[in-house]
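A.B. asks: Those protein sequence lines, which keep their order, are chains A and B.
Per the working numbering, residue 1 is the first one in the first sequence, and the count goes up by one each step.
Per the working numbering, residue 1 is the first one in the second sequence, and the count goes up by one each step.
Hint data in this document are derived by calculation from the structure and do not stem from the laboratory.
One should not assume that every hint holds.
Each pair of labels, with its calculated beta carbon distance range [what the hints assert, rightly or not]:
#1 A:1 with B:23: 39 to 45 Å
#2 A:34 with B:47: 30 to 36 Å
#3 B:27 with A:35: 28 to 34 Å
#4 A:154 with B:78: 50 to 56 Å
#5 A:154 with B:124: 53 to 59 Å
Glycine included, each C-beta is placed from N, C-alpha and C at the ideal position.
Number of protein chains: 2
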Amino acid sequence: MFTTFRGGQTGTWRVLSIAPARGDTLPIMPALSVTHADSIALPPAPSAHSWRLIGVASHLRYTERLEKIALTKAQAGLGRAEATRAALIPIRKNNAWWLMTQNERRRIFEDKSRHIADSLKYLPAIARQLYHSRDLGGPFDFLTWFEYAPEHAEVFEELVAMLRESEEWQFVEREVDVRLAKED
Amino acid sequence: MFTTFRGGQTGTWRVLSIAPARGDTLPIMPALSVTHADSIALPPAPSAHSWRLIGVASHLRYTERLEKIALTKAQAGLGRAEATRAALIPIRKNNAWWLMTQNERRRIFEDKSRHIADSLKYLPAIARQLYHSRDLGGPFDFLTWFEYAPEHAEVFEELVAMLRESEEWQFVEREVDVRLAKED
Numbered sequence: 001m002f003t004t005f006r007g008g009q010t011g012t013w014r015v016l017s018i019a020p021a022r023g024d025t026l027p028i029m030p031a032l033s034v035t036h037a038d039s040i041a042l043p044p045a046p047s048a049h050s051w052r053l054i055g056v057a058s059h060l061r062y063t064e065r066l067e068k069i070a071l072t073k074a075q076a077g078l079g080r081a082e083a084t085r086a087a088l089i090p091i092r093k094n095n096a097w098w099l100m101t102q103n104e105r106r107r108i109f110e111d112k113s114r115h116i117a118d119s120l121k122y123l124p125a126i127a128r129q130l131y132h133s134r135d136l137g138g139p140f141d142f143l144t145w146f147e148y149a150p151e152h153a154e155v156f157e158e159l160v161a162m163l164r165e166s167e168e169w170q171f172v173e174r175e176v177d178v179r180l181a182k183e184d
Numbered sequence: 001m002f003t004t005f006r007g008g009q010t011g012t013w014r015v016l017s018i019a020p021a022r023g024d025t026l027p028i029m030p031a032l033s034v035t036h037a038d039s040i041a042l043p044p045a046p047s048a049h050s051w052r053l054i055g056v057a058s059h060l061r062y063t064e065r066l067e068k069i070a071l072t073k074a075q076a077g078l079g080r081a082e083a084t085r086a087a088l089i090p091i092r093k094n095n096a097w098w099l100m101t102q103n104e105r106r107r108i109f110e111d112k113s114r115h116i117a118d119s120l121k122y123l124p125a126i127a128r129q130l131y132h133s134r135d136l137g138g139p140f141d142f143l144t145w146f147e148y149a150p151e152h153a154e155v156f157e158e159l160v161a162m163l164r165e166s167e168e169w170q171f172v173e174r175e176v177d178v179r180l181a182k183e184d
């Protein structure tokens with residue numbers, strides 16, 4: 001199943017902001033749609049009036065068993081009625097990251113950056129889904145998606161700031177921050 | 001970059017045999033072509049006269065640093081003139097495998113099955129390339145590709161038998177064994 005995030009003229013989500021966090025940004029569009037499909041053309045046909053990012057909600061790559069149990073217990077699902085704010089943060093990591101071995105990446109991911117442990121306290125306020133994009137040949141390696149209620153906006157900023165300060169984030173060479181609100 | 005293995009009427013490789021090792025086989029075709037492209041439609045359009053399997057030569061998922069060094073030192077590249085025999089072995093692993101965490105999979109992959117260590121002695125006689133297919137939505141998770149000279153055919157059978165006897169292989173729910181020879 002392929003998930004397509006299309007920035008364009010129409011969509012369930014209204015775009016509040018599109019800002020580069022590192023490297024090139026994405027063109028400003030007024031709306032974002034999220035669709036799921038079993039078939040897809042890669043890369044998507046270029047368009048002057050929209051952009052499309054495609055990912056796959058794949059299996060977990062770094063999480064260990066006790067972490068998985070804790071995450072499963074703590075996390076909320078997508079699509080909660082009260083979660084009318086969202087963020088799409090596509091990131092690409094540099095060659096140094098991908099030339100590392102799995103255990104070297106894991107060591108930075110969790111043992112040094114505490115990505116999982118430190119994220120746990122933000123759940124279930126912030127619902128998250130990671131989409132893998134690297135093997136699909138797109139401009140980003142990961143499309144990270146977050147949903148939360150307006151009253152958790154500050155908590156979300158804290159989570160984003162925490163991740164950006166981590167050692168893991170030193171390997172991020174491109175990052176765009178798209179903020180969204182659900183149309184009533 | 002997407003790699004497409006097309007079983008059909010024409011191709012650089014003549015098909016010697018197509019046999020199911022576990023689960024459903026693939027239709028018998030006389031030839032196999034291997035092509036690389038930056039764009040692709042997924043899934044490929046169905047055809048009565050050919051089948052297409054698509055994968056991506058991705059980063060390593062389980063290998064640790066010392067293993068990576070040993071593998072890099074030992075392995076031969078694809079396309080050696082003397083390597084006129086090849087095998088395409090697509091495999092799909094079961095849900096139990098994918099529900100495990102990364103470290104649980106690694107434990108079976110190497111600590112129990114010794115996939116890397118035991119494979120090392122077959123290099124450089126057997127050149128190998130792994131293509132990831134799972135995130136592309138195809139019928140297999142991995143497309144494994146091997147090239148070797150005719151005089152190493154027996155060594156190759158030994159390698160395949162060794163992998164199939166491993167604990168890791170208990171998680172394989174579909175496997176097809178395609179053997180090939182290069183046209184002169």
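A.B. asks: Quick check on a hinted range of 28 to 34 Å for residue 27 of chain B and residue 35 of chain A, using CB atoms only.
C.D. replies: 33 Å, holds
A.B. asks: Quick check: does the Cβ-Cβ distance between residue 154 of chain A and residue 124 of chain B fall within 53 to 59 Å?
C.D. replies: The hinted range 53 to 59 Å holds for residue 154 of chain A and residue 124 of chain B, with Cβ atoms some 57 Å apart.
A.B. asks: Against the range 39 to 45 Å, how does the distance between the Cβ atoms of residue 1 of chain A and residue 23 of chain B compare: consistent or not?
C.D. replies: 22 Å, violated
A.B. asks: Would you say the C-beta atoms of residue 154 of chain A and residue 78 of chain B sit inside 50 to 56 Å of each other?
C.D. replies: 53 Å, holds
A.B. asks: Okay, residue 34 of chain A versus residue 47 of chain B on CB: inside 30 to 36 Å?
C.D. replies: The hint (30 to 36 Å, Cβ to Cβ) holds, given that residue 34 of chain A and residue 47 of chain B are roughly 32 Å apart.
Going through the hint list in order, the structure does not satisfy hint 1, though it satisfies all others.
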